[in-house]
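**Q** Chains as they are written, first to last, in the numbering used here: chain X, 1 to 162; chain V, 163 to 698.
Residues from chain V that face chain X, not an exhaustive set, calculated with beta carbons under 10 angstroms: (1) Ser180; (2) Arg398; (3) Pro402; (4) Ala440; (5) Lys458; (6) Gly525.
From the derived model, a few chain X residues whose C-beta atoms are all more than 12 angstroms from chain V: (7) Ala18; (8) Glu99; (9) Lys116.
DSS-like cross-link-like pairs, simulated, lysine-lysine; straight-line CA separation at most 27 angstroms: (10) V:Lys602 / V:Lys640; (11) V:Lys458 / X:Lys21; (12) X:Lys51 / V:Lys458; (13) V:Lys203 / V:Lys258; (14) V:Lys427 / V:Lys308; (15) V:Lys496 / V:Lys273; (16) V:Lys406 / X:Lys21; (17) V:Lys406 / X:Lys116; (18) V:Lys258 / V:Lys199; (19) V:Lys172 / V:Lys199; (20) V:Lys316 / V:Lys346; (21) V:Lys602 / V:Lys522; (22) V:Lys191 / V:Lys203; (23) X:Lys21 / V:Lys477; (24) V:Lys602 / X:Lys95; (25) X:Lys12 / V:Lys458; (26) V:Lys238 / V:Lys258; (27) V:Lys308 / V:Lys496; (28) X:Lys95 / V:Lys550; (29) X:Lys12 / V:Lys406; (30) X:Lys95 / V:Lys522; (31) X:Lys77 / V:Lys406; (32) V:Lys172 / V:Lys238; (33) V:Lys301 / V:Lys427; (34) X:Lys95 / V:Lys635; (35) X:Lys101 / V:Lys602; (36) V:Lys316 / V:Lys430; (37) V:Lys316 / V:Lys427.
Honestly, the hints are just simulated from the structure, not real lab data.
Every residue gets a Cβ at the ideal spot worked out from N, C-alpha and C, and that includes glycine.
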Amino acid sequence: VATALSLQHLVKIGAHIAAHKTMPGGLLPLLHAIQDDIGYVPEESYLPISKGLALSLAEVHGVVTFYHHFRTHPVGKHILHICRAESCQAMGAVKLESEIKAQLGIDFHETTADGKITLEPIYCLGNCACSPAIMLDDEVYGRVNVEMVNELVAELASEVTA
Amino acid sequence: MSEIEVTPVKIFVPRDSSALSLGANRTAKAIQAEADKRGIKIELIRNGSRGLFWLEPFVEVATDSGRVAFAPVQPKDVASLFDADFLDPFSINASKHALNLGLTEELTWLKKQQRLTFARVGITDPLSLEDYIEHYGYKGLANALKSTGAEIVKTVTDSGLRGRGGAAFPTGIKWNTVLGAGEKGVQKYVVCNADEGDSGTYSDRMIMENDPFVLIEGMTIAGIAVGATIGYIYLRSEYPHAQKTLNEAIAKAEAAGYLGDDVCKSGKAFHLEVRRAAGAYICGEETSLIESLEGKRGLVRFKPPLPAIEGLFGKPTVVNNVISLATIPIILDKGAQYYADYGMGRSRGTLPIQLAGNIKQGGLVELAFGVTLRELLYDFGGGSATGKPIRAVQVGGPLGAFLPESQFDIQLDYEEFTKINGVVGHGGIVAFDDTVDMAKMARYAFEFCAIESCGKCTPCRVGAVRGVEVIDKIIAGKDLAKNIALVRDLSDTMMSGSLCAMGGMTPFPVLSALNHFAEDFGIENKGIVDAKKVAA
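Generate coordinates for the entire structure from the input sequences, incorporating the hints supplied.
**A** Next up, the structure:
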């Protein structure tokens, strides 16, 4: 759900734009900086980005939406990526995917009701000798089964309450 | 014990992300904690992975006669290792420990390999420049700095090195075009394609995480050769560990004068920067990659002009894969002939092969071209992980053909694969056991293309979507003859009419599935070879 941006976010976005203004081919690095910082690239940032980098609004929109990595809406506290590529399929990734979805009660691109986990597909983590693989935030896990995922999810739950 | 206190024993625990994915950090922590608890001083080194991933976390202990391997080591095994005095691996107790594999260098799996590009991987601390130099690092650059650009290019051409990203275009010829391109003093670029998106491949990741300086050295040599002063590594966003390692390594190389305005006091400049991709498979295509580096959508460009003449920001640009660039230092160090002596036919040198998917012993096997698929799958891979027969193998990523058992004797060689409408590609081999449904794999090939198509040309953009629809009808058993004819017709259009390999090669997995595994599509197998009969 898109909401008006907080002043804090606007200030942050403004600072990132200033830092990337003169960088050759700086739009992708800028979008990464914004998403790394506030978790997504809000549509409200398109106008200041287009002005700062002397691009059209359409160009900014086009780039943000072309790349799978960029999101235009806030996501959960953690992101769980499940690899869907061939190597993981050869080791039961299709079954694992449906089990994880059932456990979390969400589909791809959705977030659990408590706001903790967003589920995303990914196409290869380069961990193909240890398939199936998942990535939780920046950490990759190999030879994964649904019990392991449940343990990780339980750890996240305790981490928040601690 | 008194000796151990004087010189701490070196213990190696890999920091490669596949090793981490199997718990290498937990193992390293447990070893340090157990040593502290027992008051034993150790020197814990986080090395690269040797690439025997079924044995990770792969712990090694240094001895006078070489490193001894204990693997796989989980935290629960650590106390028993100390109990068995594993710091003295040849002691009676340590030799008897179930995880003791003996001297690492003597392991058959490693001993049978020919590691040139991966010579240091798993041996050194990836972020130690001293370690790199001690293991023949920067010798190639030293030779390059004594040569003219044309001489360097000639060495690369004579080595026979071809683009390891998949297209197999001769690297030296590409460099030569950039060397001669543009007016004197024009800004040129070296771009490293590190958007390793093919499923079943991880050799680029391993180089970047486990021996980043070899890539930095290779790119520096490329820059010196063609007269480029700026380099970019276009790295996929799925590799956060590689990004950290590369950035640290670049900072160290800069601080030591191997990068910057005056490389090794030669008066020549070379600057290097890592740029993160954003999850688009198509950006592994070189013109799409260039668009992305320029801050645009990754739309494929028409060729000509070639990137070598009008590439990044319209300037002459070398675009090479990680493995191609990481192979340059050893060629410049040991000479073109040394490298060219490996291989077969027009495929010279070695290929870092990656065993993946349903395979018992998955990992990195670097060998001269000419090894057969069967040797790789069974001698190295040990058969399937599930213990069932290997029914199909996909070589060369999502755009590579599926090969049945009857084709397993093919030699890894670019031309041999072309003859059977297959590709060696980036050297990834994904094995499937007999539970695989090849109609579903064909559907996935179209689905992947539909998700990842840049959308510029119609055969790819529309063809992929139509392909999924038609395969769905076939899976549902509707008008089989008509719909199979339609898939073949559609594939023909995509192969002949697409702008790049994405649409042009998506039919490879589809048609190979149809030709070799027709029974999975509900039709009689009338292929040239009946895979099941051969297997029986």
